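Novice: Turn these sequences into a full structure, and let the hints guide you.
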Amino acid sequence: MDRRRFLLNASGSVAGGLLLPRIGLASTADGLPAGTIAQSALDALPGKRPLIRRTFRPPNFETPVELFGQAYTPNDAFYVRWHSAVPEVPLADWRLRVAGPGVQRPREFSHDELRRKFRTTEVAAVNQCSGNRRGLFSPHVPGVQWGYGAMGNAVWSGVRLKDVLEDAGLAAGALEVVADGADAPTLTGPDFVKSLPMWKALDPDTLIAFAMNGEPLPTWNGAPARIVAPGWTATYWIKAVTELTVSDKPFDGFWMKTAYRVPKGLFGASGFESQDTEQNSPITAIKVNSLIVSPASGATLPLGRRAEVMGIAWDGGSGIRKVEVSLDGGASWRQARFGRDLGRYAWRHWHFDFKPKAAGSQSIMVRALARDGSTQAEQLIHNPAGYHHNVVQRADYHVA
Amino acid sequence: MWRSSLAALAMSLAAATVGADESTIQLAQAEGVERVQAACAICHSLDYIVMNSPFQDRAGWEKTVTKMVKVMGAPIAPEDAAMIVDYLEKHYGKAAATAAAR
Numbered sequence: 011m012d013r014r015r016f017l018l019n020a021s022g023s024v025a026g027g028l029l030l031p032r033i034g035l036a037s038t039a040d041g042l043p044a045g046t047i048a049q050s051a052l053d054a055l056p057g058k059r060p061l062i063r064r065t066f067r068p069p070n071f072e073t074p075v076e077l078f079g080q081a082y083t084p085n086d087a088f089y090v091r092w093h094s095a096v097p098e099v100p101l102a103d104w105r106l107r108v109a110g111p112g113v114q115r116p117r118e119f120s121h122d123e124l125r126r127k128f129r130t131t132e133v134a135a136v137n138q139c140s141g142n143r144r145g146l147f148s149p150h151v152p153g154v155q156w157g158y159g160a161m162g163n164a165v166w167s168g169v170r171l172k173d174v175l176e177d178a179g180l181a182a183g184a185l186e187v188v189a190d191g192a193d194a195p196t197l198t199g200p201d202f203v204k205s206l207p208m209w210k211a212l213d214p215d216t217l218i219a220f221a222m223n224g225e226p227l228p229t230w231n232g233a234p235a236r237i238v239a240p241g242w243t244a245t246y247w248i249k250a251v252t253e254l255t256v257s258d259k260p261f262d263g264f265w266m267k268t269a270y271r272v273p274k275g276l277f278g279a280s281g282f283e284s285q286d287t288e289q290n291s292p293i294t295a296i297k298v299n300s301l302i303v304s305p306a307s308g309a310t311l312p313l314g315r316r317a318e319v320m321g322i323a324w325d326g327g328s329g330i331r332k333v334e335v336s337l338d339g340g341a342s343w344r345q346a347r348f349g350r351d352l353g354r355y356a357w358r359h360w361h362f363d364f365k366p367k368a369a370g371s372q373s374i375m376v377r378a379l380a381r382d383g384s385t386q387a388e389q390l391i392h393n394p395a396g397y398h399h400n401v402v403q404r405a406d407y408h409v410a
Numbered sequence: 076m077w078r079s080s081l082a083a084l085a086m087s088l089a090a091a092t093v094g095a096d097e098s099t100i101q102l103a104q105a106e107g108v109e110r111v112q113a114a115c116a117i118c119h120s121l122d123y124i125v126m127n128s129p130f131q132d133r134a135g136w137e138k139t140v141t142k143m144v145k146v147m148g149a150p151i152a153p154e155d156a157a158m159i160v161d162y163l164e165k166h167y168g169k170a171a172a173t174a175a176a177r
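Residue numbers (our numbering), protein chains in the order written: chain A, 11 to 410; chain B, 76 to 177.
Treat each hint with caution, since some may be false.
[Said to hold, decoys possible] To spell it out: a stretch of chain B is covered by chain A in this simulated footprint if at least three of its residues, at any positions, have a beta carbon under 8 Å from a beta carbon of chain A; those stretches are:
1) 139–152
2) 158–171
[Said to hold, decoys possible] Listed below are several chain A residues computed to face chain B (Cβ distance under 10 Å; list not exhaustive):
3) V154
4) A178
5) S373
The set of hints was computed from the structure by calculation and includes no laboratory data.
Being a predicted model, the structure only gives us computed values, none of them experimental.
All C-beta atoms, glycine included, are put in the ideal place defined by N, C-alpha and C.
Specialist: Spelled out as structure tokens, the structure:
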């Protein structure tokens with residue numbers, strides 16, 4: 011039995027983890043640092059199926075790309091990303107506090123009170139880590155060395171952040187909503203706290219979500235409740251959220267002021283002016299992107315038989331206008347067929363069939379165009395923290 | 076942060092340890108390894124080091140260790156920090172990759 015076969019057979023029941031051979035899950039390993047490849051493994055957290063483990067503690071696990079063939083990413087397959095130890099908060103003990111200088115009537119809600127008082131709504135949205143694909147940066151930059159799988163698509167349900175804020179009454183001068191979760195740093199480091207500008211906090215699609223895909227949030231994904239900020243990278247989707255502070259000045263915590271920053275103007279306007287500085291801006295909306303889900307990079311395509319290529323395309327909420335595929339290294343492009351429209355914040359599946367006519371190597375490239383006119387990068391836009399990798403993907407296959 | 080932080084910490088430690096076993100991570104057994112393990116593993120598993128290799132030069136590892144001390148509050152004395160950087164550069168730095176390739 012070769013290593014690859016062993017990997018596939020064992021992947022359903024791995025306990026201690028299994029090293030991925032360099033050729034295994036090639037589409038997730040291409041371009042990653044050698045150290046990352048050497049120590050990554052398929053490994054199952056309690057309640058999760060085997061995912062690609064990048065780190066044990068805090069847990070950072072990414073979803074194998076082949077699982078993106080489903081419309082919604084199953085909860086037990088959804089990627090896991092924490093900055094510190096994962097808090098487990100019993101629902102009965104959980105409270106959400108709303109306070110701060112931007113609030114007229116400070117509030118505290120239990121889960122039942124929130125559910126009774128406010129209408130439950132839902133939104134289908136991609137949740138993507140700011141650092142998704144960081145591991146593919148060249149030259150590499152330090153951080154969690156993610157491949158393609160620090161993302162997923164789900165239906166999120168809960169109450170509108172807007173409704174809760176309006177119940178507390180916004181005061182004149184309300185500038186940002188500062189969200190804090192139950193997690194805490196091990197030592198004296200900065201607590202993971204993020205803020206949203208008022209316009210994003212008051213967007214009817216921004217939620218305090220209790221469920222994903224019709225089930226309560228897994229602990230690994232932010233139970234009992236998390237912020238859902240559709241179209242924005244997951245750093246704002248505070249997990250196990252317990253405190254909302256409406257501030258009248260820019261929040262200056264480490265994870266806003268120093269981390270999760272991109273050089274000013276490199277990726278356009280942030281939409282978060284109160285956090286912009288002369289030098290940089292907070293990372294905010296997801297950039298238009300696409301990905302081949304199958305066949306897996308490196309696969310053999312039968313000569314003269316129809317090959318079915320499928321994948322996903324998504325952006326920060328304008329929606330996808332067009333997906334194009336190139337079979338000749340980018341010289342010519344043909345339009346892919348769309349799958350079902352799941353909503354502007356969700357990903358869109360696409361399909362493209364062709365018959366390989368010559369034995370040997372065959373490349374497939376894919377690019378998406380968003381409804382707001384934005385396109386993917388042809389060359390990597392390098393930045394120190396390794397964000398917004400949306401370079402047009404090229405995967406290589408063998409025809410035989 | 077949750078107010079009943081002690082209870083939360085106890086729970087979170089349980090949640091963090093029931094899964095796979097981080098003791099399987101093997102760092103290069105060489106001078107300085109005990110110091111590296113003692114200092115870094117307080118907050119995170121040691122796979123963070125291997126994952127971030129071998130693309131960082133000495134200045135890169137210095138920056139990381141300085142951030143851990145100054146921002147994250149790692150209790151590392153200056154002389155220990157220097158020894159930790161030495162170890163990381165030697166075994167998980169760019170130079171280590173070049174040496175291995177020869």
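Novice: Of all the hints numbered above, which does this structure not satisfy? Sort the numbers upward.
Specialist: Checked against the structure, the hints that fail are numbers 2, 4, 5, while the rest are satisfied.
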